[in-house]
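K.L.:
Below are the chains, spelled out letter by letter.
Number of protein chains: 2
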Amino acid sequence: MADDSQSSLTKLFEPRVVALIGSSKLTEAVGMMNPRICDSIYYNLTKFFDGEVLKYDIGTDVEKLKETPVKADLAVIVLSAALANRAVEFCGKNGVKAAIVVPGGFKDNERSRLIETASENRIRVLGPNAIMGVINTKNGLNTTFERDLMPKRGGLSVLSQSGGVGAALVDWATYYGEGISKFIWLGDKADISEVELLGYLSEDEDTKVILMYLESVKDGQRFLRAARKATGKKPVVILKGGVSEEAKARALSHTAAISVGSDSIFRAAAKQNGVVIVESMEELFIAGEVLEKQPPMRGKRLFIVSNVGGPAVLAADATRQSGFKLARLSEEVAKRIESKYPGVEAINPLDIIADARADRYREILEDVLQEDEVDAVLVINMLKSCLILAEDTKVIAQVAKEYHGKPVVDCAPGGEDYDKIRGTLSGTNIPVFNAPEKAVFALKILSDYGEYLSRTDKKEL
Amino acid sequence: MADDSQSSLTKLFEPRVVALIGSSKLTEAVGMMNPRICDSIYYNLTKFFDGEVLKYDIGTDVEKLKETPVKADLAVIVLSAALANRAVEFCGKNGVKAAIVVPGGFKDNERSRLIETASENRIRVLGPNAIMGVINTKNGLNTTFERDLMPKRGGLSVLSQSGGVGAALVDWATYYGEGISKFIWLGDKADISEVELLGYLSEDEDTKVILMYLESVKDGQRFLRAARKATGKKPVVILKGGVSEEAKARALSHTAAISVGSDSIFRAAAKQNGVVIVESMEELFIAGEVLEKQPPMRGKRLFIVSNVGGPAVLAADATRQSGFKLARLSEEVAKRIESKYPGVEAINPLDIIADARADRYREILEDVLQEDEVDAVLVINMLKSCLILAEDTKVIAQVAKEYHGKPVVDCAPGGEDYDKIRGTLSGTNIPVFNAPEKAVFALKILSDYGEYLSRTDKKEL
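Chains as they are written, first to last, in the working numbering: chain A, 1 to 461; chain F, 1 to 461.
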């Protein structure tokens, strides 16, 4: 049964044939059931998916699926509750292993019936209310109804219980060029749960970091066991919504799930098991990017190199508030820097002055990364009011690669400058942030995860 | 003397003739003195400034300025310490009222000498280390050396003690299309101080909101008096850098200013006088935008309207953490909404479902804004996975205008969606944020300022 279930989950991500089941004849007054949605899913599937795509239009009669049996590994169902239930039944009977039920608005009894139908017919269901369903960048599987939405391939896998939060995250990922492995919209979690998918993703070789937006967890103890197993292999980051009482009411209403009893207990237990807990969508995104690109930070001693003063001052302020120490340079290195660059004062944060270009950045970064006292480096580069060009920042990625045990992150404060430097450093391992406090937050994430790993390493001795 | 000083400050922003004084023959090994900088300032001045621009090249001999006297209201000086001092002297003797000394790196005694020279020759000096100097969007005065950098006209005036932080903020402003009145880089504040400029901007009709990045304040008591005077007229927002001991060392080194004794005392006193204190560059920018576009929030009861569930849940969480109450709808309005839109549950946050378009937003926003219980509204609109189009969001600005006493802010979570909706709503009074927690933070700023105004209103009774 466990093997069977595992192979069904595999079909959710790696089907050979996908069947899209909807109706061109039925619509709702308010809600997500709409022929346009079906058309858009079909558009994305046929455009991106490596495998075969079949389309089933039930018109006004779901019983049609008896005459024309669904022959696929995975079904994507865009039908309201009663019809979806019958479609799942027909699919199961025909050997379809997994189904994504896109629309929401299921009542409690409709949801229970769907679980029964799925179990009786040995088919696993994602949803209902799965909204955008699944993206797998490896084979181009894309059941979203946002035409042409396809993130590039990479190591982040994202699980979202909310359609909206997931949509915002996939929008961010495509906009900023973050590489995605798998994207899953959990919906109501009537059948396939966050625990199963966490287990699946922790074994998945293409997934380097797991990001989750959750409003509820069905079985806290099972979830924590799965989390502990996962965090030993790769970082897991969770944003928990529905913390306040009022938000809980909304969360309950829109995802139809039972909320975790005590949020603070869940958070503490998750942290204890190595999960990185974040407080906002932006923090979730930052954590994903930095954990995918940079190694864990082992130690608390940070060094700041900047071509401007003010943003470095703000970074130093944020550093202290995050519990970091500002590393001191050895006398030898400090002397070398000051004698080579008159006017540069070799303290931390180190202001290498507005006319610094690639060469000065390279030399000073090499000096700093070699220091035993330095556990990570935050580099700041302003283009505006300085002589540096965007291309110069490539040197940061080159030097960081040579000292790959120590995290290096970049901050390009501003708007246009940020775009330019982010563009220049895309395809490298250097994450770029548009404000100093975000770069420091990113390092805090690496430090928290590094601390957890050190703790577990010691236990295993 | 006060009048004289005031008229000198006026010349800093409203000169008829600007003289650019530099050298095509002198450069430094490390530092900002470079003929390219002069050329770029000249490029911007001649491109944007309504008045006359004169160029003085001293070559290798500053005494040239004796033979060809500088005839201008404002001088922009790109010379190292000794030469700049002599140039200021010649300018003062010729009746130039104000000078901007661009380069930094002045030693203590050089700075003292510059103050003496300025005072003896009745000329006011911005800087040294004024870096980008001054922008006034009204007359196109632009002494920056970033070619073509010119924010659009608007109500924000920004004072930055740091070149880098100022550069990042002006970059953000141009990138996001925020309207600027004046932009001033304070530099070392050897002569013209933050107190004088705060006073000037608080009287300036074109300035609606004052944003400041400060690392030090020379005379705390005078500054607080000026702040209290200003905050009665318009919002003042301060980001204070150099809070930690380490950052203080850097701040001292790069702006050559004495740091405030106790940062926490300064912050508390500033807040007491109505100053909005923020913690990061992004918060400073958000505060500026929302204070310029929306009225102060009078009360703590917030209502959230969204076309998706998850981001509304996160907004509700952030709401509680900010000390807001979630407003309740009256029974009458709740009934009307639920009977008109089956499937919509009239709680707060209100999920008006993913197929909501302009009409549904309009009707529900009108209902909500009319409620006595509601002090402000946070609107969320996802484009992805929803049927709404960017143009539909214009309705938010229309409705908000009709109920202009109550703040309305918008959140478009994501990247591409955010760009689209921000673009659609630019030119309206609706600020748009890319994540729910930022929209809630913006409302918190309006609420803090509203609370201060209510407190002072009561005192005056």
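For the record, the hints were derived by calculation from the structure and aren't laboratory data.
Owing to the predicted nature of the structure, the values given are computational and were not obtained by experimental measurement.
Possibly wrong hints are sitting among the right ones.
Repeated chains share a single entry, so a pair holds when one copy, or any two copies, can fit it.
Said to hold, decoys possible - In silico DSS-like cross-links for lysine-lysine, where the CA-CA straight-line distance does not exceed 27 Å:
id, residue 1, residue 2
1, Lys93, Lys64
2, Lys218, Lys420
3, Lys25, Lys340
4, Lys152, Lys420
5, Lys335, Lys229
6, Lys325, Lys335
7, Lys64, Lys208
8, Lys335, Lys420
9, Lys138, Lys71
10, Lys325, Lys401
11, Lys406, Lys66
12, Lys271, Lys420
13, Lys340, Lys107
14, Lys420, Lys401
15, Lys25, Lys152
16, Lys394, Lys55
17, Lys64, Lys271
18, Lys11, Lys25
19, Lys218, Lys138
20, Lys11, Lys71
21, Lys55, Lys340
22, Lys325, Lys107
23, Lys335, Lys218
24, Lys420, Lys66
K.L.:
Run every hint past the structure and note whether it holds.
P.N.:
Outcome of the hint check:
1. Lys93 to Lys64: Within one copy only: 14 Å inside, 96 Å across.
2. Lys218 to Lys420: neither (44 Å within a copy, 37 Å between copies)
3. Lys25 to Lys340: Answer is between: at 24 Å across copies they meet the 27 Å cutoff, but 76 Å inside does not.
4. Lys152 to Lys420: both (19 Å within a copy, 21 Å between copies)
5. Lys335 to Lys229: neither (48 Å within a copy, 49 Å between copies)
6. Lys325 to Lys335: within (22 Å within a copy, 57 Å between copies)
7. Lys64 to Lys208: neither (43 Å within a copy, 66 Å between copies)
8. Lys335 to Lys420: neither (34 Å within a copy, 51 Å between copies)
9. Lys138 to Lys71: within (23 Å within a copy, 69 Å between copies)
10. Lys325 to Lys401: within (24 Å within a copy, 49 Å between copies)
11. Lys406 to Lys66: Answer is neither: 60 Å inside a copy and 57 Å across each miss the 27 Å cutoff.
12. Lys271 to Lys420: neither (36 Å within a copy, 37 Å between copies)
13. Lys340 to Lys107: between (72 Å within a copy, 20 Å between copies)
14. Lys420 to Lys401: within (21 Å within a copy, 37 Å between copies)
15. Lys25 to Lys152: neither (35 Å within a copy, 51 Å between copies)
16. Lys394 to Lys55: neither (47 Å within a copy, 37 Å between copies)
17. Lys64 to Lys271: neither (50 Å within a copy, 70 Å between copies)
18. Lys11 to Lys25: Cα proximity of Lys11 and Lys25: none, with 29 Å in one copy and 72 Å across.
19. Lys218 to Lys138: neither (30 Å within a copy, 60 Å between copies)
20. Lys11 to Lys71: within (13 Å within a copy, 80 Å between copies)
21. Lys55 to Lys340: neither (69 Å within a copy, 35 Å between copies)
22. Lys325 to Lys107: Result: close neither inside a copy nor across copies, 54 Å intra and 30 Å inter.
23. Lys335 to Lys218: For Lys335 and Lys218, the Cα distance exceeds 27 Å both inside one copy (59 Å) and across copies (33 Å).
24. Lys420 to Lys66: Answer is neither; intra-copy 56 Å and inter-copy 45 Å both fail.
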